[in-house]
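**Q** Here are the chains, one letter per residue:
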Amino acid sequence: MTLSKDDELLLNAYLDGELDSLEASRFEARLASEPALAAEIEAYRLFRAALRSDLAEVSDAAAEELETFVKLFQAETPGKRQS
Amino acid sequence: LNVGDATDQDRFAEVFLPHLVDAFRLARWLAGSRADAEDIVQEASLRAFKGIRGFGGGDSRAWALTIVRNTSYSWLAKNRPSAVVLTEDLDQTARDRVDQSAAMERTPEAALIAKVEAEEVRKAMATFPVPFREVLVLREIHGLDYRAIAEIAELPVGTVMSRLARARRKLLDAISGGAP
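Protein sequences, first through last, are from chains W and H. Under our numbering, the first residue of the first sequence carries the number 1, and numbering increases by one thereafter. Under our numbering, the first residue of the second sequence carries the number 84, and numbering increases by one thereafter.
Hints listed in this document are in silico derivations from the structure and should not be mistaken for laboratory results. None of these values were measured; they are calculated from a predicted model. Please note: incorrect hints may appear among the correct ones.
Residues on chain W that point at chain H, a partial pick, calculated with CB under 8 Å [what the hints assert, rightly or not]:
id: 1; residue: L9
id: 2; residue: N12
id: 3; residue: D16
id: 4; residue: E18
id: 5; residue: R26
Over 12 Å on every C-beta distance to chain H, these chain W residues come out as not near it, computed from the model [as the list claims (entries may be wrong)]:
id: 6; residue: L22
id: 7; residue: S25
id: 8; residue: A29
id: 9; residue: A32
Using N, Cα and C, we set each Cβ at its ideal position, and we do this for glycine too.
One chain only, chain W, in its complex shape:
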């Protein structure tokens, strides 16, 4: 299905927890009565979960390599405090 631009923004804001309680309950009422919208948000939820884990995977791999860099950097940084 193709969402209207407004519904797309609403769906994103709902997923991100950016709606106030009144807006959120209104949107939930629509989800209950509009199967197409409910299917769309389910797709988004799955997608976001996958995206988060994938983004994190890349970041974590980078962060592991980063450890050496951080140590090196902290040793050279102007913020280093000599004892």
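With the hints as your guide, set chain H onto chain W.
**A** Chain H alone, transformed into the frame defined by chain W:
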């Protein structure tokens, strides 16, 4: 005892250094490579140190990320002018790559999403202009809310919302339609 310098060093260590991994993650996604991200974080760190007196308290993570974000933009503009797209028009740049899938009848996405792999996400993200990558990463990796993202990226909240929505839609289309 040089009290002034000691204070600057202490503040830098307290304010910026704890966010080095976050800084690297943001730079890594904006720059696209680890080596470039390291350069960016080094430069951002230097800027942060020089500007440490400008930190007026509050959210040190947001302050650090703002510096990294701004450094990323200037670093990329200077060092990767042709490779990195800084345009704010997602359609312009990603059109060729995602239209093929977007134009297709959308298949049941849930089934395809299960096949999403990190490599596909990386490839699709790489086609996005930096302004779209940054809202995605600040939201999904750093877990910031719209207001915090708006402050870091110096955008109205409405623009954060629309970029996030469009970036997700493009990514969803690219990935769910991208399977051969």
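**Q** Run every hint past the structure and note whether it holds.
**A** Results for each hint:
1. L9: Holds, about 5 Å.
2. N12: 4 Å, holds
3. D16: 7 Å, holds
4. E18: Result: holds, 5 Å to nearest chain H Cβ.
5. R26: 17 Å, violated
6. L22: 18 Å, holds
7. S25: 20 Å, holds
8. A29: Consistent with the label, W/A29 stays out of reach of chain H, its closest Cβ about 21 Å off (over 12 Å).
9. A32: At roughly 19 Å from the nearest Cβ of chain H, W/A32 sits farther out than 12 Å, so the non-interface label holds.
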